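Residue numbers (my numbering), protein chains in the order written: chain A, 1 to 345; chain B, 1 to 345.
Hints listed in this document are in silico derivations from the structure and should not be mistaken for laboratory results.
Computed from a predicted model, the values in this text were never measured in an experiment.
You may find that some hints are simply not true.
Said to hold, decoys possible - With a cut-off of at most 25 Å between alpha-carbon atoms, the simulated SDA-like pairs for lysine to any residue come out as follows:
#: 1; chain 1: B; residue 1: 262; chain 2: A; residue 2: 75
#: 2; chain 1: A; residue 1: 260; chain 2: B; residue 2: 262
#: 3; chain 1: B; residue 1: 262; chain 2: A; residue 2: 25
#: 4; chain 1: A; residue 1: 262; chain 2: B; residue 2: 47
#: 5; chain 1: B; residue 1: 262; chain 2: A; residue 2: 72
#: 6; chain 1: B; residue 1: 260; chain 2: A; residue 2: 224
#: 7; chain 1: A; residue 1: 262; chain 2: B; residue 2: 262
#: 8; chain 1: B; residue 1: 262; chain 2: A; residue 2: 212
#: 9; chain 1: B; residue 1: 311; chain 2: A; residue 2: 72
#: 10; chain 1: A; residue 1: 260; chain 2: B; residue 2: 50
#: 11; chain 1: B; residue 1: 311; chain 2: A; residue 2: 259
#: 12; chain 1: A; residue 1: 262; chain 2: B; residue 2: 260
#: 13; chain 1: A; residue 1: 262; chain 2: B; residue 2: 191
#: 14; chain 1: A; residue 1: 262; chain 2: B; residue 2: 45
#: 15; chain 1: A; residue 1: 262; chain 2: B; residue 2: 74
#: 16; chain 1: B; residue 1: 23; chain 2: B; residue 2: 90
#: 17; chain 1: A; residue 1: 114; chain 2: A; residue 2: 141
#: 18; chain 1: A; residue 1: 262; chain 2: B; residue 2: 90
#: 19; chain 1: B; residue 1: 262; chain 2: A; residue 2: 281
#: 20; chain 1: B; residue 1: 23; chain 2: A; residue 2: 259
#: 21; chain 1: A; residue 1: 262; chain 2: A; residue 2: 224
#: 22; chain 1: A; residue 1: 224; chain 2: A; residue 2: 212
To be verified - Examples of chain B residues toward chain A, derived with CB under 7 Å:
#: 23; residue: 36
#: 24; residue: 56
#: 25; residue: 57
#: 26; residue: 58
#: 27; residue: 77
#: 28; residue: 204
#: 29; residue: 255
#: 30; residue: 275
#: 31; residue: 277
#: 32; residue: 286
#: 33; residue: 289
#: 34; residue: 291
Beta carbons are placed, not taken as given, at the ideal position from N, Cα and C, and that holds for glycine.
Protein chains: 2
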Amino acid sequence: MVLGSNEVVVPTERIEEWIDSVKPRRILVQAPLGLRNAIPLIINVLDRRGVEAYVSMSPTWGGCDVAVREARDIDADGIIHVGHTQFLASHPLPILFIEGWYSDPEPLLRLAPKVVELLRGYSKVGLGATVQWTTHLSKFADELRNAGFSVLIGAQEGIRIIHSGQVLGCDYSSLKSVEGNVDCFVVIGSVFHALGAGLVSDRRVLSVEPESQRATWMDDMVRKIYSQRYANIRRFKESRRIGIIVSVKPGQMHLGLARKLKSLLERHGYDADILITDEVSEPLIMESRYDAYVNTACPRLSIEDQARFSKPLLLPSEVMVAIGRLKWEEIIGKKIYLSLSLPEV
Amino acid sequence: MVLGSNEVVVPTERIEEWIDSVKPRRILVQAPLGLRNAIPLIINVLDRRGVEAYVSMSPTWGGCDVAVREARDIDADGIIHVGHTQFLASHPLPILFIEGWYSDPEPLLRLAPKVVELLRGYSKVGLGATVQWTTHLSKFADELRNAGFSVLIGAQEGIRIIHSGQVLGCDYSSLKSVEGNVDCFVVIGSVFHALGAGLVSDRRVLSVEPESQRATWMDDMVRKIYSQRYANIRRFKESRRIGIIVSVKPGQMHLGLARKLKSLLERHGYDADILITDEVSEPLIMESRYDAYVNTACPRLSIEDQARFSKPLLLPSEVMVAIGRLKWEEIIGKKIYLSLSLPEV
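Looking at chain A on its own, in the form it has when it is part of the complex (with noise of 0.2 Å):
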């Protein structure tokens, strides 16, 4: 299936299969905004089939977003998640999930003479895409082979990572798989995961848009995020309230952490409260009542949200910079920087 012009094939044709082995009685679809023209297609697969539909309306923001509870809710037995892969290993009831791909690689081959260009000094480049572009991410490579480059594609990696060379905005494990033997990265998709890339490596990441036919180096955009992250750790040390957020979504709820996090903050002088809520948005941020806040749910709520709260929202990582425990050099472009999980301390 081909949808408009954007032309993001979504293989609505896995759906009947799966019902097929599901034998679903109602289900739950749910796509991200930028997806949602691909729901009449299911609803009508799920109709032919005599299966209820009932769609999502709140936003998705990844696999790790996916509407358990609504489904439960409305006591369906399934949900057809469209646009992300999954995230977590097992969910309480059957999920399809349907990513998309870019049918035409064209827009990316035509931008293969210009990123030899930019690349031009190096010799050993490591490989990623977001997930929509996976399947020209081989063709992309050969074009840089044929300029004289070495080239390596991330691995899968886990079972988050189901595409060689797929990158999340929080998991570049693909990535580091190779950092070891390569130069620099170029990162095809998008400036927030190529973003994501530059903080949590200490190698330069070229960012591709096929879309808007950019290629930028990183360097510039991840230094100035490092500079406002190292002023919001100095604000968050002249705090006293601080909020520690959880979310409830399926894959960013972090309960563990957060408690690690109120007890390492209460033995350093601060007063911490567990806050617990869905989506992270500007109005409960702003609530008067914290000075601060640390962020145990999306770690790029951080970096691409920032600006919008005023308040400081550290990462944990960062967290342990503001008590002392580490060293800004020792969390900057590592894998810590982003993670939601901290070194026994």
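Based on these hints, arrange chain B on the given structure of chain A.
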């Protein structure tokens, strides 16, 4: 306990007694934004009693909107819910509802002469108030009686209306219980509640707001709302693709009603999907796939939030008008107008 400048009394002493009876291990504390300064005091009581305290960051809009799912997600064995009275007859876990009251009747009593003046020409007055003013309702009634009015305070009704004269944004049964014997209503607390009363009654409603020292007849606002609502019904009739919104909030979930509406709408030539959500937000309403919506969640979303949505968000009763099953005159000024159940059709 008295809370700062707004002088809302939240009887936190009830917590001790409740802890003795429920013996909780882990509690989720929830309060609306305006009453969140009560939270530290509550946490303090829980801390002293060795009960683990977690704070819900999500907004809450009423006794219908209790964080039961969040509590379950973090394995809490009870909820302390501030600011509203109980809405549902039962919950899957123990919940202490502690409302708040204005400590000082003076701002209300000071308005009595103005109210007496505005009520000139009437003799029998029905009195209602938001929960925060119910404790001072009989004193205010005495003022009106001294001025020569016959005053009736609506009865306690069902499980939702636990104080005489109490009104909710969606439940005016205490006023309706005396409607036949009064010429007009006085609603103390907010324009929001007075307007709701005006929408479900054919009696005039006077809004009395002690905080701003205003007293206003609601007729003009009721007429304006009705004219906007009628325009939305017309726009709905020209729509084809309808989204029927179901909220999963414990006291706002009307899945049976949504199914009934879907089948009615389809019989009248519309395409209708049932949409599941928690909060009903602007980006989700403005999503382009649906031309118009039906609201089975909080009825006030169609009144107060319609202007932000710019696509029709009809109430169930208004859908009945749109499909020709009821006449406009059969719903306005009647209890059914804000109702979340439909007459058998």
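We went through each hint and held it up to the structure:
1. B:262 with A:75: This hinted pair holds, its Cα atoms lying about 18 Å apart.
2. A:260 with B:262: violated (48 Å)
3. B:262 with A:25: OK: residue 262 of chain B and residue 25 of chain A at ~18 Å, within 25 Å.
4. A:262 with B:47: The given pair, whose Cα atoms are some 14 Å apart, holds under the 25 Å limit.
5. B:262 with A:72: holds (21 Å)
6. B:260 with A:224: violated (55 Å)
7. A:262 with B:262: violated (48 Å)
8. B:262 with A:212: Violated, because 41 Å separates the two Cα atoms, which is more than 25 Å.
9. B:311 with A:72: violated (29 Å)
10. A:260 with B:50: holds (18 Å)
11. B:311 with A:259: Violated, because 44 Å separates the two Cα atoms, which is more than 25 Å.
12. A:262 with B:260: The given pair, whose Cα atoms are some 48 Å apart, is violated under the 25 Å limit.
13. A:262 with B:191: Roughly 42 Å between the alpha carbons, so the hint for residue 262 of chain A and residue 191 of chain B is violated.
14. A:262 with B:45: holds (18 Å)
15. A:262 with B:74: holds (16 Å)
16. B:23 with B:90: Holds - the C-alpha atoms of residue 90 of chain B and residue 23 of chain B are around 19 Å apart, at most 25 Å.
17. A:114 with A:141: holds (14 Å)
18. A:262 with B:90: violated (33 Å)
19. B:262 with A:281: violated (32 Å)
20. B:23 with A:259: OK: residue 23 of chain B and residue 259 of chain A at ~22 Å, within 25 Å.
21. A:262 with A:224: violated (29 Å)
22. A:224 with A:212: holds (23 Å)
23. 36: holds (6 Å)
24. 56: Because about 5 Å separates residue 56 of chain B from the closest Cβ in chain A, which is inside the 7 Å limit, the hint holds.
25. 57: Given a least distance of 4 Å, the restraint on residue 57 of chain B holds.
26. 58: Because about 5 Å separates residue 58 of chain B from the closest Cβ in chain A, which is inside the 7 Å limit, the hint holds.
27. 77: Violated, because the Cβ-Cβ distance from residue 77 of chain B to chain A comes to roughly 14 Å (cut-off 7 Å).
28. 204: violated (36 Å)
29. 255: Cβ of residue 255 of chain B sits 6 Å from chain A, so the hint holds.
30. 275: Since chain A brings a Cβ to about 4 Å from residue 275 of chain B, closer than 7 Å, the hint holds.
31. 277: Constraint on residue 277 of chain B satisfied, holds at 4 Å.
32. 286: Violated: closest Cβ of chain A sits about 10 Å from residue 286 of chain B, beyond 7 Å.
33. 289: holds (6 Å)
34. 291: Hint violated; residue 291 of chain B Cβ to chain A Cβ min 13 Å, cut 7 Å.
The structure shown violates the earlier hints numbered 2, 6, 7, 8, 9, 11, 12, 13, 18, 19, 21, 27, 28, 32, 34.
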